[in-house]
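Undergrad: With the hints as a guide, dock the two chains, each given alone in a separate frame, to form the complex.
These protein sequence lines are chains A and B, in that order. Just so we're aligned, residue 1 is where the first sequence starts under my numbering, counting upward by one. Just so we're aligned, residue 1001 is where the second sequence starts under my numbering, counting upward by one.
Read the hints as simulated data drawn from the structure, not as lab findings. Computed from a predicted structure; not experimentally measured. Among these hints, one or two may not hold up.
As the list claims (entries may be wrong) - Listed below are the simulated BS3-like cross-link pairs for lysine-lysine, each with C-alpha atoms no more than 30 Å apart in a straight line:
1) K1043(B) - K427(A)
2) K1043(B) - K125(A)
3) K126(A) - K1043(B)
4) K432(A) - K1043(B)
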Amino acid sequence: MNDEKSPISAMLDTYSNSGDNSSSSIGDSSSSSSSTSKNGVEVIITCGTCQIDVVEEETSFFVKKGEMLVIGNENVNLQDSFKKFRNQKLKERQILKQCKVEISQGKRSDIYKNALRQKFIDGCKKYLGVPYAERFKAPEAEIAPLYLDCCGLVRQVVQDLQEDFGFVIGKWNQCYQMDTLPIKLERHQLKPGDLIFYEGIYNSNRSKPQKHNNVHVEVYLGGETGDGTIGSRYHKGCVSIFPSFEFKSTTWDLVQYHFRSLDSWLDGACVSCCDEHPWLSDSLSIMAAAGKRSIFNDDDEDVSAGGLDEDTNESNAEENCNVPAVDDVNPAVDSINTDPVSIGNIDATSADNANVSISGQSIELSTPSSRLSSSPARMKPRASNKINASKVRRSVSTSLDSIDSLAKINPPHTYYVSKSNGWKLVKEAMDKRGWQQLPFEYQFSSRFGLKWVERRSQIDYRAHTPGQLVNHIPNNDFITTKLGLLNALRDTFCKQSSGAANLHVHAPWVPESYRLDVSSDVSALLAAECKLVDENGKGGVWIYKPSCNNRGRGIKVFAGKDMLDEICNGKNTGNPETTIAPLKGLVQRYIEQPMLIGAEGYKFDLRCYLLVARNDPSYLAFYHPGYCRMTLKPYSCTLDNLHDTTIHLTNASIQKKDPLVSWTYIIHHTSSVL
Amino acid sequence: MAVLLEQQGNVEGANLLRNHIDDQIMKCMVDVLTSAVSKLSRKHGYFDLLGFDFMISNANEVVLLEVNTNPALSLDNQCLANLLPGVVDGALQLILDSQGPDRTTDGDLDGFLSHSLPSSYQLIYNEAKGWKYGN
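Chain B with its partners taken away, still in its complex shape (with noise of 0.2 Å):
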């Protein structure tokens, strides 16, 4: 979307999308797993894979509409097609590498999150560490 915002001359949008919005994005995603890791249910093995929908204000703000819990993953069109596998397959290695062998701790944690990620996933929270990102 970047790229797109630049053709049309945008370039000072193009940035903004680059530095700004990730980063709002991210943040919100904090803001919300702090308020919610109270009140989820903890077990070993839970996990979801969230789709969170976002708008963008003309004041280049962030505004969280809703969270999904079932994301649609069909491949729709090409965009999709290139975006969505890349999106569960990394989740998935990403739900494997996480478990520990051992079920009460976290296993190697550090190890594997020392490799780069799958897809583009990037670490936000990290409890273990007490690490969240934006702090």
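Next up, chain A with everything else stripped away, as it sits in the complex (with noise of 0.2 Å):
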């Protein structure tokens, strides 16, 4: 220590050498994962003694909130103290490794399953004010709508979890949830953490029931009033503590509650023990009909062990599956036709000590789409086999020593792209890079080098880390939705006028602009119309435009003051059938006469990319040049065809449902490659 510091940092030196900065993974130093911490260490000292007030999350098995540390009295050098301190955590951390080779040997420790218990009911309180879904979002929320719906907190937490867990939890709602948690309590046995389910009839017989008419669950918490449970409730609106599980639903009639112990999926199982659902994914089964080819079938396993059934060979290829259980494919989806994952080196062991190593070779998954809603659960039947729950247990057991392997390969080059819009050009440029691709089912993971998604929802950026590269910034919605825009030019390069001057901003490419949802603004539209109408006779072609669809949609083109008196003000028959509220969102000077190309002379739009790289500690962006995309009839413009959009917009949706399939790009090159 060094002698310079005060006693406290000094002693926050001692806490933050002794250890590495390990992740949730509990007392394996060789991870090497190094996610910063969430909280800093706060110390505060009472006569003597040190208070832990504040604990890092990461190293809350190393010392507990509220933990008294013996600084010392005069008698006993300070140094000393922290010493013992220190080996006495250092103890305490090979006790939880030892739980470590327990688990890898099929047994978990009380100590360690206790722990687990503790980080699963904290780990929910980090969700502590998520919305349940979109209505209850803040307006002003900075950060990516990340909605959690009362199933969707639990899932939420245990994937967060998930390598502690040892399992990957399947994306159905409560009532798989409750299918895999078999162990019935009574009310009085409850334990902070463990799951109560809501079994109740829906209101309205427009929803759909759900299976053993599982509708809610919370996590019981006991606190002050012993009822206390932490959940989402619909009507609540977010995240929260409730000081009681009984509650009156709006949308639905109690039957009875289902108190189920935690300890299965402490124990590392989470598999149906419901006769009635299996709950298993296409992986599985995919993997089953393999056979004796596949890399999963491991022939030197002895057949015997575990009690298999030696006439389904099925049975066989289940056991051997050394992968993370994944999550259903949206049936919809055709699941048989698999992309191929490649997961590196992973030397996976099964827990009946038969290696498959998997080195080097791509291994076919089906894959999700990535969904953050809970959908009610979708039954896939299985056609043979009865599924043992014990035997598939054992096999996902085993499935921690490859999540384990993956969480051995260093976070900051791993990464994350969703299976959506152009992510093979992306896996194409991270892989030859030498970064590993994480498994599609990881979409809830926040130990990730770089994600690329689509939308900024698939984001938590409350887990967001600093460096973590993550597409998209959490609020682009300033300049990526035409009012959001059309307000940021103004404010900043409006600022020197004032009054109905403001609406102009004044560079030419940013066409005159009204918003309608601005009165000021209606005014001033109605206003340049009359002076168009005044000076031409006939008024000026408009275009409306809702501020954040996209490829199209919702947009008009018109003229004359009736459609735009309509258009700005809604039309009131009196009959509620016809009557058309005013439109949200803005309207254009339409461009009548654009440049035209091709010999017949069509419309086209120019697509361009702006790539912000980086924008802390400053701004750095870059732009690259696209492509034309053009209509397909001829350009014109007339009274009559302004609402046909196969003239007017040039959004490849729209051109790409004209009969004419034939329509062109053009790359548009700068003037250095040409």
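TA: Structure (structure tokens):
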């Protein structure tokens, strides 16, 4: 310890130097992950003892909140006390390490399970305040909209802790969750962390009943009242702590509660113990069907180990699968045709000591569509063998090792890409730079070096640590929505003007625009139209654009004061059926005479790219040329054809629908290239 | 596209394209960035590949239509198959290169910017140097 430092900072030094800054993976000093701590360590000294008030999540096995650390009295040397403390903690970590060893041998100690139970509870609390669904999101919320309904909360936390639990939880809802927790409890047996499931009947007969009428789930906390829970209720609107698990729902009537112990999951088992619903994923059945030639079928394994049925080859294959249990594929998607996800060098060891090495090979995995919402579970009927839960449980618990191996790969060089929009291009680019792709099931994991997804809602910005590369900027709607863009430009470029003059951004690339949700804009728009009528007798042609749609949806090109009036003010016919509400979005002056290309004169637009490579500590942005999208029909602008989107709009999705399919793109190059 | 225009005998148009349109586009992007800089969340690790849609009026002026947060990257035809891999690959190259080893500084920006940039990327905004295209 450095003598110049205060005792407190010296203690903190010892603290952080005596162990690795390890991840949530317990006691494993070889883990190379280096996520930074989310909380600092605050220390309050009272009367010669040191109370740990805030604990780093990662070191919560090292030191507990509220723990009293004796710094020493006048008789004991400060440094010796710290040494003693340190040694004691090191010993505890040894114990935890031993637990880890036991896990790989199929057993888990109580210490481990209790610690994991606590982690589960703490993990739930991390999400307090997260809205239940989109309508509950505060409009000014800067973070990406992460929504958690009742089963979503449970699923999210288990996924966050998947290395500790040792399995990848399925994406199905509370029905699945209850089916995988077979240990039934009486009310008085509930311990914090256990789950309470609610059997209920929906009020509305438009709601499809759940399996076992399982409509809700919460996590028992106990707390002061003894009945407290943490959960996400529709009515409350966000993840909260409730004084009692008992409540009146607005959407269903309670039949009874089901109390289930968390212990099954704490033991590393998450398999269905329900005879009716096996909840198996497609990938397992694919592997089952693959037979002898499959790399998942290990010929060396002793067939009788674990009491396999000899008449079913399929059971053999399932036993041997040494990959994490995967989520079910959206049944609408072709689940057989899979794209290989290469997992690199993984040495997976099954509990039965069969070694399957998958180094360098591609593994065919069926991949889920990335979805955050919890839909009612889809039952996949299994034609053949009845699943013996204990057999499958063994194979699932061996998946810990392969997850372990993935975790050991240096997270800074792992990447996740969602299986959509251009993912293969991303994969190609990252793979060739030596980065490791995470399986598609890892969509909730916040441990990655880079994440490339379509929507901001697929990123958990709350868990983001500096340096993790994520596509996108969380509040990019300041420029990616039409209203946001207009406002941003106005704010920056119209500062000197005031009043009505504030409307027009004085740069040639922003057309004359009016916000329909601001009355002064609407007045200005109507005034502008009047002025045009005075000038040319027929007024202008305008284009209405909803603020946040894409692909040309909702866009209207129109002319005439009546239409304009209807769009701005709506049309109240007195009859609710035909009354039209005023539209929200913006109206711009339509460019009636654009540049045309081609002999017959086609309208086109130009798609270019802006890459914001970084914005902290400073912005760095690049331009890349793109391509032109042409319409299929030659351009003309008459009052009659304004509605014809195939003439006026160049979005690919609109042009694609035209029966003349051979539309052309032309690459637009910069001058240097040509 | 400039080639196409030339083929049509529109040499003037081709030159216009080369010199004028790109210039306007880049200036427009700079404007958008300028207006966004104070509003967008800043954090080490955030990046974005945005699609900008423009029209060209017959007065040869570029008009910004919208900015897309999730530009289409599917290879629907040969043109796109030639263009898009470079866009994505180049983007990731620039993103990775621009991360300094120390999160609080800019890393060796001068170093990597002095090399030729991947694909057809052009630097238009470098806040660290107080440089923007068009200024």
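Undergrad: Would you mind marking each hint as holding or not holding in the structure?
TA: Hint check results:
1. At roughly 24 Å between alpha-carbon atoms, K1043(B) and K427(A) fall within 30 Å of each other, so this suggested pair holds.
2. The hinted pair formed by K1043(B) and K125(A) meets the criterion: a straight-line CA distance of about 25 Å does not exceed 30 Å.
3. At roughly 21 Å between alpha-carbon atoms, K126(A) and K1043(B) fall within 30 Å of each other, so this suggested pair holds.
4. For the given pair, K432(A) sits about 27 Å from K1043(B) by alpha-carbon distance, which is consistent with the 30 Å threshold.
Checked against the numbered hints above, the structure violates none of them.
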